[in-house]
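K.L.:
Chain order of the listed sequences is A and B. Using my numbering, count along the first sequence one by one with no gaps and you end on 120. Using my numbering, count along the second sequence one by one with no gaps and you end on 401.
It should be emphasised that the hints constitute simulated quantities derived from the structure, not laboratory data. Note that the structure is a prediction, hence the values are computed from the model and not measured. Keep in mind that the hints are not guaranteed to be accurate.
Computed spacing ranges between beta-carbons, pair by pair [said to hold, decoys possible]:
1) B:GLY358 - A:ASP94: 35 to 43 Å
2) A:LEU67 - B:GLY148: 27 to 35 Å
3) B:GLU245 - A:ARG62: 18 to 26 Å
4) B:GLU287 - A:LEU67: 43 to 51 Å
5) B:PRO193 - A:GLY87: 24 to 32 Å
6) B:SER298 - A:GLY92: 25 to 33 Å
Quick partial rundown of chain A residues pointing at chain B, CB under 10 Å, derived from the structure [stated by the list, open to error]:
7) TYR34
8) GLY95
9) ASP99
10) ALA112
11) SER114
12) LEU116
Even for Gly, the Cβ is constructed at its ideal location relative to N, Cα and C.
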Amino acid sequence: MIPILLALWECPAPGIPEDSLAVPGPSVALFAQYRLVARDVLGRRCVYRPSCSHYAQEAVDRLGPLLGAPMALERWTRCHSAARRGGFYPSGSDGLLLDPSFGSEGEGGGRAWSSLALPF
Amino acid sequence: MVLACAALLTLSAAAPPPATEPDTAFAGHLYTAGEWEMAALEYMRVIHACGDTLSVPLPALRLARCWQELDRPGDALTLYRRLSSGIGDGDTAAMASLGAGSVLEGMGMDREARGLFLAAAAQAEDPELEGTGRILAALSAGRRGDWGRAESELEGLAGGPVGPLAEGLLSDVRRAQSLPRRSPAACAGASALLPGLGQTICGRPRDGLNALLTTAATGLLLYHSLEEESVAGSVLSGWLFLSFYGGNVYGGYRSAEGFNRTQRRRLYGSIAGRIARWRGR
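Construct all of the structure, not just a fragment, from the sequences and the given hints.
P.N.:
This is how it looks when you write it as structure tokens:
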């Protein structure tokens with residue numbers, strides 16, 4: 001039932017700004033229900049920030065269910081405790097691994113090294 | 121915080137006007153301690169008391185640096201440019217050019233930053249300041265991918281006043297030229313051929329195993345649905361299989377990008393650490 005609902009959800013039209021005042025679609029309620037069960041009842045905690053459900057919600061909202069679902073499922077296969085090994089993902093201040101759905105988590109500590117060389 | 125600001129304003133209102141040189145000791149303490157917001161307020165007070173930004177260049181430079189740290193690049197850049205153009209040649213103008221270059225570098229504008237670092241080197245009278253400008257210009261070239269040019273420019277600085285830093289950075293720059301790299305397209309193709317292979321090549325075997333198992337399980341489900349000639353089951357399992365398979369291919373691509381990004385992050389961290397230690401930060 002859930003995949004059919006997702007499949008019937010229209011892909012977002014290009015050019016709609018992220019902060020538009022459009023009414024959020026069924027995906028918001030769907031993922032909220034998932035978080036209610038998985039996080040609050042089962043007590044599961046994602047090793048990433050944003051969490052897998054937020055990641056999936058953003059992917060589905062931006063790309064639609066057909067393209068967003070593979071992204072979401074790919075993230076789910078990566079969500080395990082061994083993801084912390086190797087320094088593949090930078091750690092945030094809360095200890096969670098930074099892995100944004102779109103864009104990069106930053107390079108080189110996020111600050112220009114030239115500011116460290118300034119003589120004042 | 122509010123009480124501290126109020127105390128600051130009261131003290132500044134009660135203090136006599138500066139005679140010759142403004143007292144910036146307190147601001148200096150805040151600046152050194154990394155209290156950027158408080159230091160910025162204090163330096164603004166000093167500049168306001170003196171009446172002209174160009175008459176107190178060092179507090180103005182430090183104010184611009186505070187704005188950089190407070191994520192106000194536009195304000196910092198405007199002040200650096202004012203100092204650089206208002207003072208003309210000399211070490212102060214060179215420091216302003218260095219500051220402006222560092223703002224642009226933080227915004228990802230490496231070519232423009234390199235131009236400003238070279239301008240700083242040309243303006244500087246102090247050899248160490250000139251060397252700093254040349255080192256940063258070399259690193260900017262490397263950041264844009266031209267590590268060969270960065271190496272040759274750093275070799276030219278090895279014997280000068282910034283020699284120790286240049287020699288240390290040479291090892292990082294040489295490492296940059298042989299940095300391990302994975303092709304995102306090739307890893308995506310590998311994952312398309314064998315689910316999880318791309319992730320494994322990029323040093324993520326657990327991710328690869330998960331991708332393989334999930335793709336295999338959904339593939340098996342699809343096969344059984346087709347065997348039983350169940351339309352609804354075939355559609356559902358087919359959608360699941362394609363989603364996991366497509367995600368696996370995307371995962372191979374993303375793993376390679378993540379691998380390359382991790383290598384760059386480690387390199388940049390090493391360079392930043394070396395510069396910070398040289399500056400005593």
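K.L.:
Hint by hint, say whether it matches the structure.
P.N.:
Cross-check of the supplied hints:
{"no.": "1", "hint": "B:GLY358 - A:ASP94: 35 to 43 Å", "verdict": "39 Å, holds"}
{"no.": "2", "hint": "A:LEU67 - B:GLY148: 27 to 35 Å", "verdict": "55 Å, violated"}
{"no.": "3", "hint": "B:GLU245 - A:ARG62: 18 to 26 Å", "verdict": "53 Å, violated"}
{"no.": "4", "hint": "B:GLU287 - A:LEU67: 43 to 51 Å", "verdict": "50 Å, holds"}
{"no.": "5", "hint": "B:PRO193 - A:GLY87: 24 to 32 Å", "verdict": "28 Å, holds"}
{"no.": "6", "hint": "B:SER298 - A:GLY92: 25 to 33 Å", "verdict": "31 Å, holds"}
{"no.": "7", "hint": "TYR34", "verdict": "16 Å, violated"}
{"no.": "8", "hint": "GLY95", "verdict": "18 Å, violated"}
{"no.": "9", "hint": "ASP99", "verdict": "9 Å, holds"}
{"no.": "10", "hint": "ALA112", "verdict": "4 Å, holds"}
{"no.": "11", "hint": "SER114", "verdict": "4 Å, holds"}
{"no.": "12", "hint": "LEU116", "verdict": "5 Å, holds"}
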